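Colleague: Chain by chain, the residues:
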Amino acid sequence: MKRNWLVALIALMLVLAACGGDGGTDTTEDGGTDTTQAGDGGDGEEITLRILSGNVGAEFESNEIAADLFMEQNPGITVEVVATPDFVEDRLGQYLQLFEAQSPEGDVFQIDVIWPGDLAEHLIDLNEYGGADEVAGHFPAIVENNTVDGKLLGVPWFTDAGLLYYRTDLLEKYNLDPPETWAELEAAATTIQEGERADGNQDFWGFVWQGNAYEGLTCDALEWVASAGGGSIIEPDGTITINNDAAIEVVNQAAGWVGTISPPGVTSYGEEDARGVWQAGNAAFMRNWPYAFSLGNADDSEIAGMFDVSPLPGATSGQSAATLGGWQLAVSKYSEHPEEAAKLAFFMAGESEQKRRAIDYSLNPTIESLYEDAEVLEASPFFGDLFDVFTNAVARPSTVTAPNYSDVSSLFFNSVHSVLTGSADAEDAFLELELDLVDQTGFDTGSP
Amino acid sequence: MALATEEKAKEKKGSQSELAKGEQRLAYWLLVPTLVILLAIAFYPLGSVFYSSFTNDTFASEVETDFVGFQNYSDLLSITFAELPQELDDSGQPVIDPDTGEPEYLSPVQVLPRQPRAYREVFTFGLFGNQYVLGATDADFVLSIIDTLIFTVTTIILEVIIGLGIALVLNVPFRGRGSMRAAMLVPWAILTAVSSRIWEWMFIDTRAGLFNIVFQNLGLTDGQTAFLANESFQLPAAIIIDVWKTTPFMALLLLAGLALIPSELYEAADVDGASKWNQFTSITLPLLRPTLAVALVFRTLDALRVFDLFQIVFAQSKYSMASFAYYELIDSQRLGYSSAASVVIFLLITIFAVVYIRSLGIGEDD
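Protein sequences, first through last, are from chains A and B.
Residue numbers for the first sequence, in my numbering: 1 to 448.
Residue numbers for the second sequence, in my numbering: 1001 to 1366.
FYI, nobody ran anything at the bench for these hints, they're computed from the structure.
Only true hints are included.
Here are some, though not all, of the chain B residues that point toward chain A, as calculated from beta-carbon distances under 7 Å: (1) A1060; (2) D1205; (3) Q1224; (4) I1330.
Distance ranges between label pairs, derived from CB positions: (5) I1079/B / A141/A: 42 to 48 Å; (6) M306/A / P1116/B: 56 to 62 Å; (7) A1118/B / Q202/A: 43 to 49 Å; (8) S1275/B / N201/A: 54 to 60 Å; (9) N1217/B / E72/A: 53 to 59 Å.
To be clear about the criterion: a stretch of chain A counts as covered by chain B if any three or more of its residues have a C-beta under 8 Å from a C-beta of chain B, and this derived list gives those stretches: (10) 80–94; (11) 428–442.
Predicted model, so just to flag it, every value in this text is computed and none were measured.
Backbone N, C-alpha and C define an ideal beta-carbon position, used for all residues, glycine too.
Chain A extracted, bound-state conformation (with noise of 0.2 Å):
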């Protein structure tokens, strides 16, 4: 009998684990931590903050820098930072299970365009460190997102569009303009790939960008259905207009580029997934970001110098629509170092740090007046051209669906992405998706 009990015991064992597992195996992510010391850390003035950041491109070597500028410049405090998961979704679960315990183990984080709602109240007021003046020559519409009942969460970083990187060499050999409507873009990209792979590249596409359920098919849908005039998914006024038909066209559009103009893989796809096969010289055109414009120009880089940067097409030439990105800093209400900690946010936010994080990374700068500064458009030509696209760039319903935006954005992904896999179409998908709108905001529906 006794080892019925132990094998009894050892299935308990298993069981309990099984209901404690699911939240604690999270260390999956490549949660890489690099201390950089500063002076002997033994006397009990040291300070040590740290800051928890992207690892996109070359985010993090970027912030390392940063932190040895900052280390400089205040002896007494060493910064470390922290990288984080790749998609949006994972990061924010590993900075609210930090916030979940009131952890002091993160000072600094960099907070997505569409977070500041969702997370102010585990943010100070960076007003009360002075936040209002560093702020002063920031895009105004950013400070804004960034405010909210009157307390600055955070301080404007960097911001993002998206835009369709093209094929110059490409484009020249098969004797096309970069496409300005969907249906352009649509042919180019059929040409070539049957050219490219006729001329024995097997694995060459005509277009990759973000297709994987997250929020980032959430930013690229947006565009495709803003582009046609299908409205924003839910207005600014609290309409919900998703459910129309210029949308459901687009998407059903967008839907027949997987497996012809796109991999069938691009249903899997993050922007470093897009990247890596647009680096690698393999598609002819791609959405993403701008943080790719500078990588893709780098030594290790397939195609450096052969491509260049435009507005995304929309239905019609000149519908075009990028999706608003772009990061912010924020101090925890839970550090013990909030003013050192704005400091920091503040440092590398300040005009210098932006000034050098567009020409080495060329991530666009929220400081407007670096717009018009010649280093700055020297190494990133298209910050000047596409100025427009920046400042124009549609916004994802975060504000008026608060604090509900990320279940708002994840239905919207997931229906778009049956659409995508072919598991719906995109009439029921909307039209459940509309619905489903409906029970979780309460909002009522309208045309765009």
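We have chain A already, so just place chain B on it with the hints.
Modeller: Relative to chain A, chain B alone:
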């Protein structure tokens, strides 16, 4: 029998010496730290999960929490079946798909009830010429239960068969057996997080991936199959990864069981002229049964709570029960709802454990 023994034990108790009583008291005191630790690290969290599963608690927020009774459970588990009527045109004639010649049916979203609660399509199926739909208030969770069960059953069967084969081979003495045994364990020793990533790259949707290049060279595909994005390949891919990783563990357990079988039995069987197959079915399998049962319990309970593989490889495009609970907690911040999902997982696993222990009669044969 059992009763008699118990009575005897009671009799003994009455006549216990002071010394024995003192020792017993000491034993209880010595057990106290273990019990306290068990309470703190196992029963307290479990209890708090049970408690919050009856609330609408929000993760990482100070929003007020209300008691909601069984609301979370009914949201998670309500399902309904509905027949899909044929689509009729204006004249009342059924619409026929011009491509396939099959009649068209109304889409599930038009058929499934939305009041008082909205049901979503889990899947549709045909039966006796009619089309039906399974709807659920939380289609993702119901689907994750189905997927996890399929994953569990398939991986366990494959792991037992392959693991037993490996164990039988490694149980035979041959030169280099020690290093073979060590080599066999490598997949199991690699962290799931790492091995999942490795497999993710092998399954990548272009010819940069191993599988695509192999299949293309064999002339089976064009080398652009999206194994991890295409719904029909997702579960098979997950099963392959898990079988690769966990078969060594199964083999190791079974090897230990094989080592316990006395070789005299086989010698005797040889003398009696029993064939190898007879020896396997009449000696090896019955004597391996207790070990096999333990291995099955281990693996089944482990597979039912699979999390890391699904979270890393599929994120939100395919859920296991545990990764569903994770995303409800972390992404949607619904602590109460996620707790309810965890409790459902807990109960399911408990049922499996009880059924196993009963039906396999673990420990009863001694």
